[in-house]
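*Asks:* Here is how the chains run, residue by residue.
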Amino acid sequence: MQTLKHIFVIAQNTFRESIRDKILYNIGFFAVALALFSIVLGEWSVFDRAYVIKSTTLSIMSLSGLLISIFVGISLVQKEIQRRTVLTLLSKPISRVAFIVGKYLGLLLVVAVHLVLLTLVFYATLALTGSEPTFSLLIAVYLIFVEMAVVIAVALLFSSFSSTILSALFTLGVYAAGHLSNQLLEQVRFASRMGEVDASTSALFEKIATVIHAVFPGLYRYNVTSYVVHGVALPDMYLFWNTVYALGYVGVFLAIASWWFSRRDFL
Amino acid sequence: MIRIEHLHKTYRTGFTMKPKLALKDVSFQVEPGQVFGFIGPNGAGKSTTIKVLTGLLRYDSGTVLINGVSPREVKSRTFIGYTPEQPYFYDYLTGRELLKFYGKLVGLDGSELDKRIQWALELLHADKDWIDRRLRSYSKGMMQRVGIAQSILSKPKLLILDEPMSGLDPVGRRDVREAIQELNNMGVTVFYSSHLLGDVEAISHRVAMIVDGRIVREGTVEDITNSCSVEYHVRTRQGIPSGELPEGVVPAGHAQECICGDDAARDRLLRYCLDKGISIERMEHKRPSLEDILTEEIARADT
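Chain order of the listed sequences is A and B.
Per this note's numbering, the first sequence starts with residue 1, numbered consecutively.
Per this note's numbering, the second sequence starts with residue 1, numbered consecutively.
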């Protein structure tokens with residue numbers, strides 16, 4: 001019970017820290033500006049206006065969420081260590097696990113608020129332009145949020161043991177691998193079927209692609225923009241299983257981050 | 001309250017992870033109710049010992065107990081309040097917001113938390129307008145007061161302060177000194193490190209001196225200074241030729257002044273003066289200060 005309270009207090013403070021940070025406002029401002037710019041894009045485009053507004057705004061949500069998750073996420077722990085605020089904090093009767101989980105939930109709340117605000121702008125834009133603001137679009141927004149939940153955990157994991165720049169690079173690497181692993185596996189299998197490479201090389205490539213696909217979180221699962229924009233139904237239980245899948249990765253990443261952080265000395 | 005036995009701590013630094021022994025067989029105890037001063041030069045191991053006590057550093061071997069609990073356990077930190085050297089806090093918060101944040105982490109809330117914050121601020125003479133300003137505008141003295149205030153919110157049994165008076169102006173130092181004494185009067189055990197040996201002599205019940213990772217002296221200030229030889233500075237009415245000074249007595253830059261290195265030399269000088277009919281104008285016995293002893297120990301460690 002006490003641990004839950006500590007997590008809550010740290011999360012609350014992390015949220016406060018983030019909303020008093022200029023970076024967040026800059027990202028938020030550009031995201032809103034770009035969302036509004038999608039109206040102009042819709043007018044200029046040869047495609048259907050509603051399609052352009054929906055797909056552009058969802059992409060902006062995903063990108064701005066990613067920027068916040070990575071750039072605020074990697075600095076969460078490092079800033080505490082570099083500014084030595086961690087010394088006072090960890091001398092209180094709180095566990096290091098509570099510290100990591102609290103930091104994680106605080107930033108997750110920031111991303112949630114950011115996405116809620118953008119969703120309101122999104123729906124207002126759709127309503128103003130008469131572009132069918134359907135309920136199904138919320139599914140795409142929800143999955144962006146779940147994807148960011150995984151990305152924040154990755155950023156926090158790397159920032160618990162490496163520098164800010166390395167953490168950013170590693171996190172971007174995992175993000176890219178998570179989005180491309182499925183395509184990579186398909187391409188390798190396709191090349192193998194077409195007989196473009198010899199059997200032994202093909203088997204090796206397939207093994208490597210399978211390992212990458214199995215180890216890295218499959219973030220491609222959370223990009224359903226084209227489905228919802230075109231009104232194509234997602235498979236049954238898609239949201240549920242992909243939420244469980246994300247929770248599994250978040251749990252593992254936070255457990256490793258907490259374990260590593262618990263072993264750290266603070267000079 | 002604190003028991004440290006045969007504590008060893010090694011740092012591994014640099015790309016090659018070269019080991020450096022920071023604490024070598026450190027042992028001492030702090031009894032409940034004491035004000036315990038921990039002194040030593042820079043890099044001697046004071047902050048390392050304090051960080052081991054607060055659970056911020058792991059140690060290689062030895063026994064470390066706070067109120068019977070190892071600092072490896074979170075429970076040990078329910079007994080302590082800690083202010084690091086040159087405390088840094090979240091500068092986007094005001095002083096009061098910071099105290100509320102730390103207060104909640106030690107289990108306080110609502111009106112009880114507000115009362116405790118007020119009590120801590122009054123004790124440290126910090127119940128001023130600036131407490132509601134953002135910390136980024138604070139001076140070193142204000143930051144130190146807030147730092148100590150956050151460490152006493154839980155009314156800890158043991159207060160650990162790393163260089164609490166360094167960098168403060170005389171008024172700030174006096175306020176911190178008085179706060180330490182007042183907290184001690186309330187029953188709080190205080191363990192603190194300091195470079196300001198005059199302050200340490202004034203307020204500490206016991207002192208441990210650490211040089212190059214080893215405890216070289218430990219005891220009351222009186223015990224430590226008494227353990228060193230006492231010098232006698234003597235002024236006579238008539239001059240004594242330096243060649244006639246008894247063994248162990250050295251001239252002090254004037255024919256009528258000399259220094260006796262110990263009690264035996266003093267006795268020899270007195271006998272000489274009686275024999276020669278030389279009267280003594282003044283005799284002062286000078287005990288070495290903690291600073292003299294620390295300087296001597298540092299020089300010994302260097303050789």
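Please note that a few of the clues may not be correct.
[Unchecked claim] One side only, chain B facing chain A, incomplete, derived with CB under 7 Å:
1. LYS18
2. THR54
3. LEU56
4. ARG77
5. THR78
6. TYR82
7. PRO84
8. PHE89
9. PHE101
10. LEU105
11. VAL106
12. TRP119
13. TYR138
14. LEU183
15. MET186
[To be verified] Distance condition first, Cα-Cα at most 30 Å in a straight line; then the derived DSS-like pairs of lysine-lysine:
16. B/LYS155 - A/LYS79
17. B/LYS140 - A/LYS22
18. A/LYS5 - B/LYS20
19. B/LYS18 - A/LYS5
The set of hints was computed from the structure by calculation and includes no laboratory data.
These numbers come from a predicted model, not from an experiment.
Virtual Cβ for every residue (Gly too), placed ideally from N, Cα, C.
*Asks:* Hint by hint, say whether it matches the structure.
*Replies:* Verification of the supplied hints:
Below 7 Å, beta-carbon pairs count as interface contacts, and B/LYS18 has none with chain A, the closest being about 15 Å; its hint is therefore violated. Interface hint at B/THR54: satisfied, since its Cβ lies 4 Å from the closest Cβ of chain A, which is below the 7 Å cut-off. Given hint, B/LEU56 at the interface with chain A, holds; its Cβ is 4 Å from that chain's nearest Cβ, closer than 7 Å. With a cut of 7 Å, the hint placing B/ARG77 at the interface with chain A holds, because the nearest CB-to-CB distance is about 4 Å.
Hint status for B/THR78 relative to chain A: holds, with the closest Cβ pair at about 5 Å, below 7 Å. At a threshold of 7 Å, the smallest CB-CB gap from B/TYR82 to chain A is about 4 Å, leaving the interface hint in force. Below 7 Å, beta-carbon pairs count as interface contacts, and B/PRO84 has one with chain A at about 4 Å; its hint therefore holds. A cut of 7 Å between beta carbons decides the hint on B/PHE89: the least distance to chain A is about 6 Å, and the hint holds.
Look at B/PHE101: its Cβ gets to within about 5 Å of chain A, closer than 7 Å, so that hint holds up. Given the 7 Å rule on beta carbons, the hint for B/LEU105 holds: about 5 Å separates it from the nearest Cβ of chain A. Proximity of B/VAL106 to chain A holds as hinted, the smallest CB-CB distance being about 6 Å (cut-off 7 Å). Contact between B/TRP119 and chain A, as hinted, is not supported at the beta carbon level, the nearest pair being about 18 Å apart and thus beyond 7 Å.
Restraint check, B/TYR138 versus chain A: the minimum CB separation of about 14 Å is more than 7 Å; hint violated. With its C-beta approaching chain A no nearer than about 17 Å, B/LEU183 sits outside the 7 Å limit, and its interface hint is violated. With a least beta-carbon distance of about 21 Å to chain A, the hint placing B/MET186 at the interface is violated under the 7 Å criterion. At most 30 Å may separate the alpha-carbon atoms for a hinted pair to count; B/LYS155 and A/LYS79 meet this at roughly 29 Å.
A threshold of 30 Å between alpha carbons decides the hint, and for B/LYS140 with A/LYS22 the separation of about 26 Å falls inside it, so the pair holds. A hinted pair counts as satisfied when its Cα atoms are at most 30 Å apart, and A/LYS5 with B/LYS20 does not qualify at roughly 39 Å. This hinted pair does not check out: B/LYS18 and A/LYS5 have alpha carbons roughly 41 Å apart, beyond 30 Å.
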